[in-house]
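Chains A and B supply the protein sequences, listed in that same order.
Residues in the first sequence are numbered from 234 upward in steps of one, following the numbering used here.
Residues in the second sequence are numbered from 144 upward in steps of one, following the numbering used here.
Derived by calculation from the structure, the hints in this document are not laboratory data.
Errors might be hidden in some of the hints.
[What the hints assert, rightly or not] Listed below are the simulated DSSO-like cross-link pairs for lysine-lysine, each with C-alpha atoms no more than 30 Å apart in a straight line: (1) A/K416 with A/K392; (2) A/K354 with B/K146; (3) A/K345 with B/K433; (4) B/K340 with A/K349; (5) A/K366 with A/K343; (6) A/K366 with B/K146; (7) B/K433 with A/K349; (8) A/K353 with A/K294; (9) A/K300 with A/K366; (10) A/K343 with B/K340.
Spelled out from the first residue to the last, the chains are:
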Amino acid sequence: MATDHILEVENLTVKYGPIEAVRGTNFFVGNQEVVSILGANGAGKSSTLKALAGLIPHEGKITFLSKDISRTEPYKIPYLGLTLCPERRGIFPDLSVEDNLLLGAYAIRKNKNLIKENIKKVYALFQRLGERKRQLAGTLSGGEQQMLAIGRALMNEPKLLMLDEPSLGLSPKLVDFIFDSLKTINKSGTAILLVEQNAMIAMEISSRIYVMQNGKFAISGNTKDVDFQTLKMKYLGV
Amino acid sequence: MKKYLWFIPFVLVPLPFLGYPFLLSIFVLIGIYTIAAIGMDVLTTWAGQISIGNAAFFAVGAYTSAILVVNFHVPFLIAFLASGLFAMIIGIVVGLPALRVSGFYLAVVTMAFGIAVQQIIGVFQITGGYNGIRNIPVPSFWIFKASPVYQYYIVLFIVFLIFIVLSRISFSKSGLALFAMRDSEIAARAFGVNSLKYKLAAFAASAALTGLAGSLYASAIGFISPSQFDLTLSLDLLAMVIVGGTGSVMGVMIGAAFFVGLPFLLSGYNISITIIQGVALIVILLFLPKGLLQIFKITDLFKKKVI
Chain A
234 MATDHILEVE
244 NLTVKYGPIE
254 AVRGTNFFVG
264 NQEVVSILGA
274 NGAGKSSTLK
284 ALAGLIPHEG
294 KITFLSKDIS
304 RTEPYKIPYL
314 GLTLCPERRG
324 IFPDLSVEDN
334 LLLGAYAIRK
344 NKNLIKENIK
354 KVYALFQRLG
364 ERKRQLAGTL
374 SGGEQQMLAI
384 GRALMNEPKL
394 LMLDEPSLGL
404 SPKLVDFIFD
414 SLKTINKSGT
424 AILLVEQNAM
434 IAMEISSRIY
444 VMQNGKFAIS
454 GNTKDVDFQT
464 LKMKYLGV
Chain B
144 MKKYLWFIPF
154 VLVPLPFLGY
164 PFLLSIFVLI
174 GIYTIAAIGM
184 DVLTTWAGQI
194 SIGNAAFFAV
204 GAYTSAILVV
214 NFHVPFLIAF
224 LASGLFAMII
234 GIVVGLPALR
244 VSGFYLAVVT
254 MAFGIAVQQI
264 IGVFQITGGY
274 NGIRNIPVPS
284 FWIFKASPVY
294 QYYIVLFIVF
304 LIFIVLSRIS
314 FSKSGLALFA
324 MRDSEIAARA
334 FGVNSLKYKL
344 AAFAASAALT
354 GLAGSLYASA
364 IGFISPSQFD
374 LTLSLDLLAM
384 VIVGGTGSVM
394 GVMIGAAFFV
404 GLPFLLSGYN
414 ISITIIQGVA
424 LIVILLFLPK
434 GLLQIFKITD
444 LFKKKVI
């Protein structure tokens, strides 16, 4: 196994009863790389991320930072530096913005100085959050909630950040802003594994893409080698 | 310090009623039910789980305490702590399998547990079967004689201790993890919260508090039998939290006062308590959906929202 691969997945299978959502996929994420998994609804993208975070039963081998995490309990995974920013944001609506961030730092809760530093970093990246830190998260706008979800995921200093549909339900302008932030996050050294339906914007920031169809990868390769038009027509159904 | 100040009026409450031991004993009962309802509040409002079997923990506490005091002549303080501990152990044993389900399923599982415990108690010799246990002595220590005033202050002190502990937890990292789990379990787990552990802790704490309340109940009433710990009690505990106001000891206290105090207030008149209580419940939930505690925060309606 190449040592510059932060995440290596072999033969990942996810089943919901008799239905196979993910059918034996193989992929990897390199150090400080941005990789996207694209595909239409129900292709198995979100299931892949949930399986990596240990949240759903799965088969196959998942290696993160040279450690086999296929059987690791979900609550232990963030401690290793692998953080999922869940679909539909999964923010805690009845907690304040700052409490949401503090919970994001649950895995590093012993290190108070680091938490303070990270909160500052998040507020520098998303100033809106800093302005609203006492507000209940449920009262934020959709865009702010997405910022909060990403900011919260950054709190425990992930080495690999997994994002599930960060563009969901946002205006084009906000989507641009969110993806610019992802670029900034990546530049500071965090690898990103992105699941997206919005293929165009995802391809802008990714070095490599995997296109998923019926639980398998139909296309994989460097972003610049993939023809966007064929991809759109054949696999994304738009 | 400021958050403790609202307890001061409760220290003064019994003073005008010193000559009315019956009224004082109702205040004592309100306090006891407050403790049990706090146990329910921890489970529902804090952890987002539900139980309609908490009467079972109340019964476990009451019987543990009564049996230890009556049959084994154990000092009340030890019996009291033992009843909380035993209820907590039962809570963990039941919670481990039960908390794998949630929502309606958990409601049904806990209900079944509540009914089962009531039946089991009725079968055993040591619990006095369906006849129950009589003449449970009222505890007295040192200069404190067994009077309602003294019981009132003991119960108030216990509520105060619980309040301190709970408010500490609510501002701690564990409290944060618990609330996060309630809001979005998937996200909380994705950030490293061991959700089963926290759910179980909430269930155990709920059982322990309810058990402690049961112990106090047994010695305050002096007589216990299985019929006192039926489904109605479980539902009343849940309703106390909702009627009073979730997530606050003050609210829960108001809910307990409503459920315990109202029947006594109306007992002099020849009207059905159930009907009055039912109508009052509907009116409260219609006009004060956040519970009776809202009355005391009426000024909030005139303030501009800060956020």
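Now for the hints, and whether the structure bears them out:
1. For the proposed pair A/K416 and A/K392, the alpha carbon gap of about 15 Å is at most 30 Å, so the pair holds.
2. At most 30 Å may separate the alpha-carbon atoms for a hinted pair to count; A/K354 and B/K146 exceed this at roughly 33 Å.
3. A distance of roughly 36 Å separates the Cα atoms of A/K345 and B/K433; the hinted pair therefore is violated under the 30 Å criterion.
4. The straight-line distance between the Cα atoms of B/K340 and A/K349 is roughly 27 Å, inside the 30 Å bound, and the hint therefore holds.
5. A hinted pair counts as satisfied when its Cα atoms are at most 30 Å apart, and A/K366 with A/K343 qualifies at roughly 22 Å.
6. Taking the CA atoms of A/K366 and B/K146, the gap is about 23 Å. The hint holds against a cut of 30 Å.
7. Straight-line distance between C-alpha atoms of B/K433 and A/K349 comes to about 35 Å, which puts the hinted pair past the 30 Å bound.
8. With a C-alpha separation of about 37 Å, the suggested pairing of A/K353 with A/K294 is violated against the 30 Å cut-off.
9. Distance check on the hinted pair: A/K300 and A/K366 sit about 36 Å apart at the alpha-carbon level, beyond 30 Å; violated.
10. With a C-alpha separation of about 19 Å, the suggested pair A/K343 and B/K340 falls inside the 30 Å cut-off, and the hint holds.
The structure does not agree with the numbered hints 2, 3, 7, 8, 9 stated previously, though it agrees with the rest.
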